[in-house]
Amino acid sequence: MSTGINWAKYSSPQALYPLAGRLIPWFSVAAVALMGVGLYMGFFVAPTDFQQGESYRIIFVHVPAAWMSMFLYVVMAVWAGIGLGLNARPSFMMAQAIAPTGAMFTFLALLTGAMWGKPTWGAWWVWDARLTSELILLFQYAGVMLLRTSIDDVRRADRSSAVFALVGVVNVPIIYFSVQWWNTLHQGASVSMSTGSKMAATMLTAMLLMTLAFWMYSIAIILSRVRCIMAERESLPAWEEKPVTIQKIAEAR
Amino acid sequence: MQWGSASEFFAMGGYGVYVWTSYVVTALCLGWEVLALWRRRAAARAEHRAMLLGGADETAA
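If you read the protein sequences in the order shown, they are chains Y and E.
Residue 1455 in my numbering sits at position 95 of the first sequence, with consecutive numbering throughout.
Residue 538 in my numbering sits at position 50 of the second sequence, with consecutive numbering throughout.
Hints are computed from structural coordinates only; laboratory data are not their basis.
One thing to keep in mind: the hints can contain errors.
Now the in silico label distances, taken between C-beta atoms and shown as ranges [said to hold, decoys possible]:
1. E:L541 - Y:A1483: 53 to 63 Å
2. Y:S1510 - E:G519: 26 to 36 Å
3. Y:V1389 - E:F498: 22 to 32 Å
The beta carbon of each residue, even a glycine, is placed where N, CA and C say it ideally should be.
Given the sequences, and given the hints that come with them, work out the whole structure.
As structure tokens, this is what we get:
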């Protein structure tokens, strides 16, 4: 049975470019709104933690950033895999567009973690399994991006960085389960799919709102970056320009 | 609400430096990313326009 949506229609850059352009404003507005509500909940509704005092409020940016760092890596690897399997240029472009944002969230997870570690553990950094594997994730993102820039031929760069991204995906479950598999200084999961949440409801709501906000932000950013990549790699499509502009250009000639 | 005053809010129970550094750096990173993309888009667009305008010269040469 046909689903009524012609997916093949959206798999070409010519179709993806304007579609992404139409979606970006919606995701941007959602990101700003969710961030506003999330921050309000986090700073004004969620109570003080009985153990950690106010320092725990870093959680509302630390956990969403850490989740995004892992999630975006998996999404990047999936696009890279589709690209390799189907030899599809738009898939490689999606993978390329995700890497910088993923790297940024990894950096933020590490930085906000240091800001949380100092007052709670007395150390900015410890070489425990969770922190070390997350640092390796940052190097993986850097590797994916550097590999691309170091290869001049675009198609070879696509494939090499895709293989690198795919191989590195094994680190994601290692990061996620590190707090269970090893005895880490980093605390275990406060939210688990099997046992539910150990946090106060308002704290959890604020954290989930911020996570949702980061998702919306990432989608908006990645869509606009993939448009830039398409424009740079395939030269900006003429339909980007308003008819008036094209006419002006034609007259100038 | 747990804050008696604005200064109490900014002090964050003595953890102000850690909490606000986290949030300010995050905000700077997100803001920088948006700005960088804005400029990248503008550059791509300018290049495309230059290409459209310069097309005649290219064929002449």
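For each hint, the structure was consulted:
Judged by the Cβ atoms, the range 53 to 63 Å given for L541 of chain E and A1483 of chain Y holds: they are separated by roughly 58 Å. In this structure, S1510 of chain Y and G519 of chain E meet the distance hint of 26 to 36 Å, their C-beta atoms being roughly 29 Å apart. Remark: the range hint 22 to 32 Å for V1389 of chain Y to F498 of chain E is upheld by a beta-carbon distance near 29 Å.
In this structure, every one of the numbered hints holds.
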